[in-house]
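Trainee: Based on the hints, put chain B in the right spot on chain A.
The residues making up each chain are set out below.
Number of protein chains: 2
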Amino acid sequence: MPEYAVPTPKRRRGRPRGGESGARERIIAAAVEEFGELGYDGATMRGIAARAGVDAALLHHYFGTKADLFAETVGAPMRPDVDIPTLLEGPADDLGERIVRYVLEAWERPETRKRGVLLLRAGIGNRLATPLLSEFLQRELFTRIAARLDTPDAALRAALAASQIAGLLNARHVLQLPALTAASVDELVARVGPTVHRYLSD
Amino acid sequence: MPEYAVPTPKRRRGRPRGGESGARERIIAAAVEEFGELGYDGATMRGIAARAGVDAALLHHYFGTKADLFAETVGAPMRPDVDIPTLLEGPADDLGERIVRYVLEAWERPETRKRGVLLLRAGIGNRLATPLLSEFLQRELFTRIAARLDTPDAALRAALAASQIAGLLNARHVLQLPALTAASVDELVARVGPTVHRYLSD
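One line per chain: the protein sequences are A and B, in this order. The end of the first sequence is residue 675 by the numbering used here, with every number in the run present. The end of the second sequence is residue 675 by the numbering used here, with every number in the run present.
These are calculated hints, taken from the structure and not from any lab test. Since we're looking at a predicted model, the values are computed, not measured. Misleading hints may appear alongside valid ones.
Stated by the list, open to error - Ranges between beta-carbon positions, derived for each pair:
#: 1; chain 1: B; residue 1: Pro-583; chain 2: A; residue 2: Val-658; range: 38 to 44 Å
#: 2; chain 1: A; residue 1: Leu-531; chain 2: B; residue 2: Arg-600; range: 37 to 43 Å
#: 3; chain 1: B; residue 1: Gly-495; chain 2: A; residue 2: Arg-600; range: 30 to 36 Å
For glycine and all other residues, C-beta sits at the position ideal for the given N, C-alpha and C.
Isolated chain A, as found in the complex (with noise of 0.2 Å):
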């Protein structure tokens, strides 16, 4: 397997620990009243800082950026956001599989798949959690992407990919289509990596 399949994590951020739990419950409590009133877009590292009662550069030194603290806030499993844009720097011959075969392994972890079924059905099924997903991925996925591909449907071509790598993970994991249980990694890389692939880069 080409050594870019599945990026090396990013280390956590450093978090306030032991004296400071407090302060971390605060900035968490506070960033989902935020996050929750203005959207991700309107949603501002200052504001939070502010409604939690931290100076705002301590708040980037502990959490790092926007897209940080929402990913620890939701409780993400996996960070596509940083991951994705990574994989794109590879080969450009087997970039779909390359893709999909980083979300289907990541998922292949219990407590992955288990936050992130949860994730996705908060994302699709919960009237405030649904618009907050998609402002993150338009801001700090589909982006990155789009500026990574150089094509004037860029955006097109990155939701495209979003759509067929999301609905195979609701399809497998949410709903649980038996066809779908059954089917290896490698088979599912097979068939839908090129897919994605198509919708990238044809």
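Mentor: Okay, now just chain B, sitting in the frame of chain A:
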């Protein structure tokens, strides 16, 4: 557009009318209970008739098959289980395009879209609705598609096609990703049709 692009909607079975509307409501309530308790596969028309206190033959007369009654009970805005097998009978060379067009055009109608979004949200987001949707699709749609495809991997092919179509509907109508809401039906058929085609018949 070829004549089978959008199948003529099947005439709804007769319903109890006027003074019999109480019977109709009792039957739907009984169906909700039976499907909810026993799942799609476990529910029977006989069981629903018994719960509603009506004759089983009468139930079939008014509501048709179990699939018909299920569709009526959940307020299904379209009948892929009836229409997609019909689409499979047309010429093989634009099968994928035809199926994608049929679904996307149906969802352009506001009433279909509204109910479709509701069902999609519930099917993914609601722990009780998910297995019902999954069993219905498996029993009434995939099995029929697989029978027509007549290849050993037919069930996997049908499930992959469904994963892309449902993923597209989710991305366009639930998440409302801007690149997908901006795209025309024709453009999406041109991009996604070949995917569904490849899954079903390559």
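Trainee: Each hint needs a verdict: does it hold in this structure or not?
Mentor: Results of checking the hints against the structure:
1. For the pair B:Pro-583 and A:Val-658, the supplied restraint of 38 to 44 Å holds, since their beta-carbon distance comes to about 40 Å.
2. Taking 37 to 43 Å as the suggested C-beta distance range, the pair A:Leu-531 and B:Arg-600 conforms, at roughly 39 Å.
3. Taking 30 to 36 Å as the suggested C-beta distance range, the pair B:Gly-495 and A:Arg-600 conforms, at roughly 33 Å.
The structure shown violates none of the earlier numbered hints.
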